[in-house]
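All letters in the sequence shown, in the order written, are residues -16 to -1, 1 to 60 by mature numbering (1 follows the signal peptide of the UniProt record, and there is no 0).
Since no wrong hints were added, every one of them can be taken at face value.
Once the Cα atoms are required to be at most 35 Å apart in a straight line, the calculated DSBU-like pairs of lysine-lysine come out as:
1. LYS7 with LYS37
2. LYS22 with LYS7
3. LYS37 with LYS22
Pairwise CB distance ranges, derived in the manner of DEER restraints:
4. LEU20 with PHE(-6): 25 to 31 Å
5. HIS42 with PHE(-8): 17 to 23 Å
6. LEU19 with TYR(-11): 19 to 25 Å
Hints were generated in silico from the structure; no laboratory data involved. The structure displayed is predicted, hence computed values, not measured ones. No residue lacks a Cβ here, since even glycine has one placed at the ideal position from N, Cα and C.
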Amino acid sequence: MPCSSYCWFGFGTCWSVILQVGKLPLPGSPGPHQLLVKVHYASLNPADYQQRKGETKHLLKYKFPKVLQSFDSPAS
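With the hints as extra help, turn the sequences into a complete structure.
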């Protein structure tokens, strides 16, 4: 069953283009010495905003789409 995920698709200032909801498979059961964490809330700080605008892209080697968080939704 897929879950809804916020995916980061590139650098820029238009949040509706670079940050979109996508579908990803649910993670499997954690293995030995692994932990599966369900995130209920997340926040952005000024450093996150600067990354999305591309101000730090010379420091980051992201491949896109970059998944920021996954969440379960009744609509998914």
